[in-house]
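K.L.:
The task is simple: from the sequences and hints, build the whole structure.
Chains as they are written, first to last, in this note's numbering: chain A, 169 to 420; chain L, 271 to 578.
Don't take every hint at face value.
[As the list claims (entries may be wrong)] With a cut-off of at most 27 Å between alpha-carbon atoms, the simulated DSS-like pairs for lysine-lysine come out as follows: (1) A:LYS188 to L:LYS386; (2) A:LYS273 to L:LYS412; (3) L:LYS412 to A:LYS220; (4) A:LYS417 to A:LYS401; (5) A:LYS363 to A:LYS234.
I should point out that these hints are in silico values taken from the structure, not numbers from a laboratory.
Here's the letter readout for the chains.
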Amino acid sequence: MKILVPVKRAVDYNVKVRVKPDNSGVDLNNVKMAINPFCEIAVEEAIRLKEKGVATEVIVVSVGDKACQEQIRTGLALGADRGIHIETEADAVVDSLQVAKLLQKVVEAESPDLIILGKQSIDSDNNQTGQMLAALTGMPQGTFASEVVVSDGTVNVKREIDGGLQTVKLTLPAVVTTDLRLNEPRYASLPNIMKAKRKPIDVKPVADFGVDMKSNVTVLKVEAPAQRSGGVKVADVAELVEKLKNEAKVIS
Amino acid sequence: MSVLVYAEHDNESLKTETNKLVHAALGASTDIVVLVAGSGCSAIADAAAKISGVSKVILADNEVYLHQLPENIADLVLELSADYTHLFAAATTTGKNFMPRVAALLDVAQISDVIKVVSEDTFVRPIYAGNAIATVQSSDTKKVVTVRAASFDAAANDGNASVEILDTVKTSEKSSFVSAELTVSERPELTAADVIISGGRGMQNGENFALLNGIADKLGAAIGASRAAVDAGFVPNDMQVGQTGKIVAPQLYIAVGISGAIQHLAGMKDSKVIVAINKDEEAPIFSVADYGLVGDLFDILPQLEAAL
Ligand SMILES: Cc1cc2nc3c(=O)[nH]c(=O)nc-3n(C[C@H](O)[C@H](O)[C@H](O)COP(=O)(O)OP(=O)(O)OC[C@H]3O[C@@H](n4cnc5c(N)ncnc54)[C@H](O)[C@@H]3O)c2cc1C
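P.N.:
Shown next, in the form of structure tokens:
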């Protein structure tokens, strides 16, 4: 069984980004970048399925400029077998729909049995790509997974939903998107990081895919959120309750 | 200009998210049709017909829609979509699940988690865990939008729309429901509550969450949690507030033993009044709190319960 894991290069989750003074976007100059946390969980899940003997090959694919090869290498160091880099122009911003269309082409070429992606990337916070890919390829989907169990020709996905947990059964090939509690990704060991340097990455220019990369969504402006004015410290419970009653008037 | 709004419900009751969605949709058009898809849910359609501003309700009541599986729902919405310029769903785990499928099949972008509808083609949405707010304009022929319900007021319930029955049945052989473990609680739902009290890693274990119960009872509050508390197994996942959990904006949010990581703040910093209880006076949660109380939560919580 072959597993395809699309991954995204995103700002490191510890970074608090700042909006550019001209409101054209966020300032990513000299900001630490990393593999999107949900994508890392996706890679880990695929590797575990390989270690259990369920999967035979794990392919990591990323859409982005040259820099995203770093994140493909991260996936390879965690244990993926090979990488595919769909190369865009430097700093190109690609919308979820375009990414899904590019991935659809990869799916057609590679015929994976399972595709595992992060449920959202922590930059655009869209939560779309997996579902779009599932729709375009006519596959069933198990989103927000906290448990993935593969057994002959099907996968059971336990999903984190607003009311609790839900399990669905999907026939393969299928798309799964990861939630945070699916697993805890391992740290890549130094020997594995060295080994990853020799694993193949197939670089393909985005133009080869025949996908219209134009997005119909224009960002008009990006602003900093309204700042909450720092509040006060209260001395004790009595003062807190008094303020909530008489000043904030949120309790009676 | 007309909007198809996907009703948020669980076959038992219509959720207030639907009223908020209708309010949001009014920013794009005055012609609003609500789709209720489910099983044994005609009462939900009747409730949706009462929402002010709704001109018609379409009821797709069939066993195949019982669990609102995304494969079926997306195909159903897709078939109806020809009559509408806008498709709106709540940014809940239901809306987030099927809506991108609809967008992809229509070959249009989806605008996720909208917090403001500026006009028929311009929307405001948070990015980077709410650390930046983007205003985006779409030139797509159809606007596919998910709405962050907490950012909108609820439309009133003094309407009287007609209910139209739709017999369309969309099924998929590829996906089926197996089971659900739903949290049963007498308390208000997090996304609808006026008051929320949340516990974090500082609570130390699941049993200690009982310290929040008495206070929640007195305030009619919902109980939430940080991711650390959920990951540690103190409480179930549906209690998580944050970038990747529930987004809430109650009148009063009380954070207990929560440090205030950006991912947690992303889910609650639009609350009207924030109270933080933490023993570390440097904790970042205090930078967003209107009222901060530095001290040991195990001392403070019993006192607070007694004082209310
Ligand atoms: C991709 C990603 C997504 C995430 N999404 C979310 C999300 O949606 N929601 C979320 O909450 N987090 C999320 N996180 C996790 C987030 O980064 C933090 O790790 C988490 O919020 C920390 O939870 P906490 O504040 O309970 O724990 P900690 O940071 O450990 O804080 C515990 C606090 O309790 C205080 N405390 C301890 N004992 C006491 C006591 N006796 N009395 C008073 N105070 C005490 C401490 O001073 C401390 O401030 C996400 C992380 C990532 C990487």
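K.L.:
Does each hint hold? Answer for all of them.
P.N.:
Hints, one by one, checked against the model:
| no. | hint | verdict |
| --- | --- | --- |
| 1 | A:LYS188 to L:LYS386 | 22 Å, holds |
| 2 | A:LYS273 to L:LYS412 | 25 Å, holds |
| 3 | L:LYS412 to A:LYS220 | 45 Å, violated |
| 4 | A:LYS417 to A:LYS401 | 17 Å, holds |
| 5 | A:LYS363 to A:LYS234 | 20 Å, holds |
In this structure, only the earlier hint numbered 3 is contradicted, and the remaining ones agree with it.
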